[in-house]
Structure formats: structure tokens, C-alpha cells
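Each chain is listed here by its residues.
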Amino acid sequence: MNTWVLINALLISLSCSLAGAFLVLRHRAMLTDAISHAVLPGLVLAFLISGTRNTPTMLAGAFVFGFICIFLVEFFRNRVRITDDASIGIAFTTLFAVGIILVTRYADQVDLDQECVLHGEITFSALKRMVLPGTNWAIPVTFISSFVMLIVVVALIGLGYHSLKLTSFNPEYATSIGVSVVIWHYLAGGLASMVTIVSFEAVGAILVIALMVIPAATAWQVSTRLRPMLFKTAAFALSGSFIGYWIAIRLNVSIAGSIAFFLGIQFAIVVLIVKALQLNHFKMKSPN
Amino acid sequence: MSNTPAIDIHNLTASYERKPVLWEIDCQFPQGKLVGIVGPNGSGKTTLLKNIMGLMKPDSGYVRIFGDKLNSVRHRVSYVPQRETVDWDFPADVMDVVLMGRYNPKKLFNRITQEDRDIAVEALKRVNMLEFSRRHISQLSGGQQQRVFIARSLAQQADLYLMDEPFVGVDAASEDAILSLLTEMKNSGKTVVIVHHDLQTAFEYFDHIALLNTRLVACGPTEEVFTSDLLQEAYGGRLTVLSRIGELIAKKDFPIREKGQENN
Amino acid sequence: MGSIWSYFNEPNFWWVLMGTAFLSAVASLVGTFTYLQRKSLMGDAIAHGILPGIAGGFLLAGEKNTLIIMIGAILWGILTVASIQWITKRTKLQPSSAMAIVLSSYFGLGMMLLTVVQSSGLPDASGVNAFLFGQAASILPEDLRVYSIFAVVVIVSLAAIYRPLTLLTFDRASAESRGFRVDQLDGVLSVLVVTATAIGIQSIGLILMAALLITPAAIARMWNTRLIGMLITSGIVAAIAAAGGTIISFSAPSMPTGPWIVVVLFAFTVVSVALSPHRGLIHRLRRRQNNQRIIRKENLIKRLYHHWESNQSTTVDDELLRESPEYSSDLLRRCAREGWLKKQGGQWEILPAGMREGRRITRAHRLWELYLSKKLRLKDDHVHPSAEIMEHLISEDIEEELLRTLGYPESDPHQRNIPYES
Ligand SMILES: Nc1ncnc2c1ncn2[C@@H]1O[C@H](COP(=O)(O)OP(=O)(O)O)[C@@H](O)[C@H]1O
Ligand SMILES: [Mg+2]
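Residue numbers (this note's numbering), protein chains in the order written: chain A, 1 to 288; chain B, 1 to 264; chain C, 1 to 422.
Any given hint could turn out to be false.
What the hints assert, rightly or not - Pairwise CB distance ranges, derived in the manner of DEER restraints:
#: 1; chain 1: B; residue 1: Gln232; chain 2: C; residue 2: Gln344; range: 53 to 59 angstroms
#: 2; chain 1: C; residue 1: Ile232; chain 2: A; residue 2: Ala235; range: 52 to 58 angstroms
#: 3; chain 1: C; residue 1: Ile155; chain 2: A; residue 2: His27; range: 32 to 38 angstroms
#: 4; chain 1: A; residue 1: Asn280; chain 2: C; residue 2: Val271; range: 28 to 34 angstroms
#: 5; chain 1: C; residue 1: Ala336; chain 2: B; residue 2: Arg244; range: 39 to 45 angstroms
#: 6; chain 1: B; residue 1: Gly236; chain 2: A; residue 2: Pro228; range: 51 to 57 angstroms
#: 7; chain 1: C; residue 1: Ala336; chain 2: B; residue 2: Gly236; range: 56 to 62 angstroms
Unchecked claim - Partial list, derived from the structure: chain A residues whose beta carbon lies under 7 angstroms from chain B:
#: 8; residue: Ile139
#: 9; residue: Phe143
#: 10; residue: Asn170
#: 11; residue: Thr224
#: 12; residue: Leu226
#: 13; residue: Met229
#: 14; residue: Phe231
To be verified - Capping the alpha-carbon separation at 16 angstroms, the derived lysine to aspartate or glutamate pairs in EDC-like fashion look like this:
#: 15; chain 1: C; residue 1: Lys374; chain 2: B; residue 2: Glu233
#: 16; chain 1: C; residue 1: Lys297; chain 2: B; residue 2: Glu233
#: 17; chain 1: C; residue 1: Lys343; chain 2: C; residue 2: Asp330
#: 18; chain 1: B; residue 1: Lys259; chain 2: C; residue 2: Asp330
#: 19; chain 1: B; residue 1: Lys33; chain 2: B; residue 2: Glu184
It is worth saying that the hints were derived from the structure and are not from the lab. Glycine residues also receive a C-beta, built at the ideal position from the N, C-alpha and C atoms.
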């Protein structure tokens, strides 16, 4: 059972880190913060309305609220001229507050509680299983959804690679050749919302930010080109999650919390190594 | 080459947060010339380029390129934004940036072909940057970064080039190299429009000049425009009537045109 | 009724109500400065980042000791700020990424510590959850005393650095050039944000703390143009919202307080977006409608003046007017009310006031055309569309300036006479 939990954690961290990379490259990392909070009321309402916990309904609910969040941010910023980051702050705190109120109010009907909202319940993610047709393998349902999500994320990035790159690097130029910056901005945000929603149950609202931002930020420190950076992002996501998971099991603490923390530690170590190497490089050069 | 102007700007007014920074700009740039948009800092040169390139919606007026709307001639136009508009820490090397010039948004799968690579290499050769093709863009000097931008533009193989301040933060050698390249492009029939704020060099560089300072002061062949009166007017400050009425427009949220007349 | 409102008679209730209102107001004052410096999300990062300090403080004290937890929170908050600064300085990442990294990894550490707290069997272990989403009803008067001491420290510090901080907020460059230690001020402000966050944790909770730092300031900005007014408004808004959250917390003890405070704040936001002067939607809509009304009205009187110019007649057939695009009976009635027109039989008579107005608009139109032609060197057939709108905007003093600039001209580019009052 533990193996499934680990595999699930690794799959989720792959999808999140790849989807998050394009927000990090756009300097919009805090948007992941907003999105991950804002989808909560969507999840709860989807539960309440459908009475089930299946992925498509939750996706729909969360999508609607992810959209409401982005709409509110744009509305505050463009129509009321509230500053950019304050618009984000107002929109997501409000939606998250509504979500928490709903969770508390309907705690008995909704299979979620405040704690689960904060750090997910990845340990239980392997409980519900289904038998793969034609075999007698019982595979956890969450594994299947995480796996499908990873395929979708990789496929979308593959298809939109050039446009995502162009609109992140040089939006003016992208517009000048007819690539819509707005559309790709929303698509990058939509991709992030999607992985947030699917990962929410497993890792909760705040730690999903760590998965989306930290591996990409780490990879950026050691990359000069985009494609290798994406591979390194995936590698850092896997290694950080693995260490975090392993330590959580050893210490018997929150798995999601530990993964987030060790992704951060890994980032700090990489930065320190890069700096040390640069310093060395500099020292070796300077006498000449 | 026809006599259709490369760019035809008609009564263009553009504003930020409702305050006009360009007033009723109306002029034409001929084809096959090196055209300078010249004016002091903050005079709206970048804003004019943005309006030409459809990056901003004007409050009044319109722009025609080769007599057509931008969307139907986009493939013939290449835009080089100000250097500060990009994040030079972005994970891309020189070759990656130049290959961006080969990207066609109309095609779904944009595989980079050998032909694209050849064109990119050729473009890098023309700006003398081939030896740096695998270097990260943050490790270049200002002049080299500008040359990479120009190489990307060359790779687009357009007929009209619009460049925003290509000589800013550029060393003398790069400036000479860029200038001779631009002249070469002009001689092969391309139209090159350059935003430039330095009066000293403008006279030598351009065939045709638009003098700008929130309004158009003059537009024509360089010898005609470079009179001390006109220069004095362009660099002598804003018109107070325009600034005051601009403030009123912003304060009262007043339109720039009557309803339905925005294109006039 | 009686059972729900019974807590009104508890002395504790009133203490907590006033306490949370006061603490929230203080937090929002700090938020006003971060809002104006466009550092709003820093508050969110700090609030999430201090969780290890809280959980650690709890573990150290072995119980829910407010003072030790506060100190833990503040120290870890400072570490959070320092970490974010370290990342922005040492790497090419921008503040937004640095904040997301620090926020999420420290929160992760906090979550690890919380699981330790929960399995520690310490008394009150479940009480730590109150810090996440706020639980006003669980605040004790002695906690309030601790929080309030810190709040007073915040107020005194703000007052002490008020002037340099204000200068820094509005004009960083000039503050630097005038020799203020800008980075020290930044540091002090960061410590104040950390402290404000720490005093808010038990009423609003740290997850939603950002709302208390951001939303009151944004609301206050919509109603004020001056800093002092902003500070007062945001303090009042935050206090009311906190009081609302507290009342709800007492009536439904299982409900966390924080989300309700945020909901009340959002209600204030909606009202402000609709109603505030200058930026409010309703005000803007009205202003635009008003502009259109003025344009239509003035176009009508201009048309009548042109009628007089070509026919030298001050009366117009109602029939004739009906053909013009501006015609509407409502509009005519409004012009009549202005004393511009009078209806007699089937005819409209232009009164002297109307003539003056028509002449003024026509003069403005032609002056503007001449100005565009002379000063902007616009071709004569390009000047009309702009004049069609500017004629409604040109005020008396702008007209005066136009006249002076153009040397009191006689005729416009189309050789039409520019009419003056004789
Ligand atoms: N995004 C913007 N928002 C508000 N004002 C702007 C913006 N961009 C430019 N401006 C203002 O518009 C004017 C013209 O700017 P710009 O076109 O960049 O001038 P130039 O390129 O000639 O230096 C300046 O006064 C500038 O302050
Ligand atoms: Mg410029």
C-alpha cells in the first residue's frame, strides 16, 4: 500500500511541477497560491450537488471557481484599479473563506474537513481500488486519475510548447506575430488549475504551491535552455518528493508537509552549490 | 515596389488610463526607406509603434500597412521590441531566440526544420554572432543582445521592420554593425522603421523622419524635417493646451470621438 | 432569541469583541502601507510562513502559552522575510517566486510540526488549530492583554517612522536621495507586518490573515485620496469586520472566525466597488451618461446656432428639427429648462442664452480645428472629427489659452467665421 502512496505522490509532483513551470517563468508564481485557494468552494459545492467524490464533477466545480477567481482578479485590477497583487489577495481569500465556511457547515455531508483542506490525505489515496479489466490487478483509483492527468499535462505542454515559450519570454513579440498572449496566459493558468484540482485531495491547498513552484525554480538555477529545464524540473520534483516522503514515513509526520519542506531544502542546497561554484569560477579567473 | 506607403497612420490618438499620450497622429512612411521616429524621452515613440503593431487599441484613427489591415500582412512585418521588455534570465540561448523568428502561429505542430536552422544561422552570420549561438542570452553585452534581436527579426524574412531603440545601451562597434546592416536591408528593398531619441545621429542615419512629441511635429525627408525651428519645437516641450485638455479627458472620463466615430 | 444572544451578557464576549476589533484595526494600518508599496502578497507569504514558529512555540512551552507562541511566530516571521530577501538577492528569481517558495516550504515544515503536536498528547493540542482559521471565542482576556501589548508597540513604531515611511511609500527615489536609510525602513516595515500577523492569528487565523492586510486598505483607497484618511477608513473597516466575525464565532462555536471576517470584508468591497466616488462603478456609469447627455444637448443647440448662421432666423420649425439626428422631445425640454429655447406654436425660438451657448460651442469647435491645423499641422480635412468632441470639453480657461495661442483668429481652416460675443 505504501508503494502506491509513493507512486501517487511522484505522479502528482510531476504534473504539478511541469504545469507550474510556465507560471514561474512568467513571474506569476503567486497565481498558483490564488488558484489553489480559490478552487475550494468549487470542490465543496460539487460534493454537495452531486453527492459523490468522483473526479469529473470536482473538476467541473473547481474549474468554474478557478475561472471566477481569475475573473475577479481581472475585474478588480482593470475596472476598479486595485493593484495587481491586492486583487489576487482579495479574490482568493474570499473564495477560500467561502469554501471553509461550506466545509465546516456541511462537514457531515462533505467528506472533507479543515485539516484535509490544508494538507490533503495522501495516505488514504490508495484505499479505494478498482480492478483493471481483463486482469486481477487492483489499482487505486487515484493512481489512475493522477496518471491520466500527467499524460494530459505532458500532451498540452508538447502541443503548446512554442507558444508557451514565446508568450513567457517576450509577450510583445508574440503578439506582433499573432500569438494571443491573453489566451496562452489563461491556458497556462488553466493548466495550473487543473493540476491543483486533481492534486488537492492528496496534498491540500497550500502544499500544491510547493509542487508547482519549487522544482521549476530550482531547475531554473541550473538551466540555460527551456527544454532541459523542464526535464530538470521533473527530476527535482521526483527527488524532492521521494526524500520528503521517506522522511515523513520515518518521522511519522505529515507527508505533504514534509515533501513541501524538503523541496524547499533541495532548492536552498542547489542555490548554495551554484553560488559556490560561481565563486570558485570567479576566484580561479581573477588572478589572471 | 509600389507607391503604397509602407505605413499609413490616420488621425491616431492613443492613451494610457484615459490620458492621451499621442494626439491625432497622421502621417505616411514610404517603402524602401530607412525611417526614423525621433523625439525626446516620453514623447510617445514606443506607444506609436505599439499602436502600429496592434499591441494597443487606439482611441481614434487607424493604421494601414502596405495598404492593408495588420492581420492580413502580419507575415510581412517584423517587430523588434525595446530590449528591456524581455526577461534576459529566461532559459534560452542565442540560437533559441533566433529560431523564435521562424515560428508560425498558424501551423499547429511547429517542428523546426533544417531549413529553419539554415535561415537562423544565416541571420546570425549577418549580425556577426554565429560564434555565440550556444551562449545563454544573459551572458551577452547590450550590443550583442540587440544583435540577437535583430537576427531573430531577419529570420522572419519580412518586408517591413520596426525596431524600438535598437541603439540604446549598445557599444560603438555594435552600433556601426547594426547601422550598416540596416542600410543593406534598405538597399535590398526592405522598409526599416527605427525609434530613436538621439538627435545627433538621427540626421546621418535616416532618409525619412517623423518628429514626435505627443503630437506629430513634422514628417518627411530628413533634410526637410531637420530645420532648427522644427527641432526646437519637438524638443522644446509639450503643448500646454494638449496637456490640460488631456487631464480634463481623464478626469471627466470623456470620450475622444463621438459614438461610432472612433475610426475617424 | 434569548439563547442565541445570551453571550451578550457575558463580560468575556465584550472584551473579546473589542479586543479583536482593536487588533484587526492595528493590523490593517500596517497593511495600508504594504498595499501602497505594492507588497500586498508579502503579508500572505509571512502569514503562512510563520506556522513553524507557532507550532514550535507550542512544543517548547508544552502548552498554549500565548506569549511564547507570539515570540516564536515573530522570530519565524522575521526568518521568513529574511529567506525571501535572500532568494531575491542571490538568484534571478523575482519576489513572487521567492515568496511562493518560502511560503509553501515553511508551511510544509509547520504542518510536519503540527502532526508532532497532535501526537504529543500535550494538553490543548487541538487548540493549535485555532491559529489556522481563527477562533475568537477561544481568546481569553489574558491572551488579549499579550496581543494588545504587541499591538501598542506596532502603533507606536508606526507613529515614530510615520513621516519617512510615508515619503518612502510615495516616492522611493526621493527618500533614497534625501538620505533616509531605505533598507532599514523596509526592514522595520517587514517586522511590523510580522508582528501584525502574529497579533491577528487567533482572531482571523494565519491562512486568511492576508485578507486583513490587503482588503481594508484596498477599500480605503477607493474612498480616500489622502493617506491619513486611508488609515482611518481601513482601521474602521477592519474593526467592524472583526466584530462581525467575533459575533458569529460566539453564536456558532464550531465555526472558525477568520472566514467570516473575510466575508464581511468582501461585502464592504462590493459596496465600495459600486458606490465609491471617482472609482465606483455607479459613479462612473453616471459620469459617462452625463457626458453623453451634455454632448447631445450641446449638439442640438449648436445645430440651431448654425441654422441661425445660414438663415439669420432665431425660429425653427418643429418639423425641421425632427429630421435632425439629435432630436428628442426630452432633449428639447431639457434645453428649454436651461433657458435656451422656447416653444411657440409649432416653432422653437432660440433665446439669447441659447444663442450664446450655440456661439460658444461653435467657437470652441472652430478654434480647435484651427489649433489642430496650426499647431499639430493636421490636414484641413482631418480636423473635424476631433473638434466634434472637443467642443464639449473646452472650458473657459482652455478657450482663453487657445485664443491667446492662436492670436484671436478671425476664421477657421475652412474659412468659416469664428464667432465672438460682441
Ligand atoms: N503602461 C503605461 N501606463 C501609463 N503610462 C504610460 C505607459 N507606458 C508609457 N506611458 C507614458 O506614455 C508616455 C509615452 O511613453 P512612451 O511611448 O514609452 O515614450 P517614448 O518611447 O517616446 O520614450 C510617457 O509619458 C509615459 O510615461
Ligand atoms: Mg520608448
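- Message: So, against the hints stated earlier in the document, which numbers end up violated here?
- Response: 4, 5, 7, 8, 9, 14, 16 and 18
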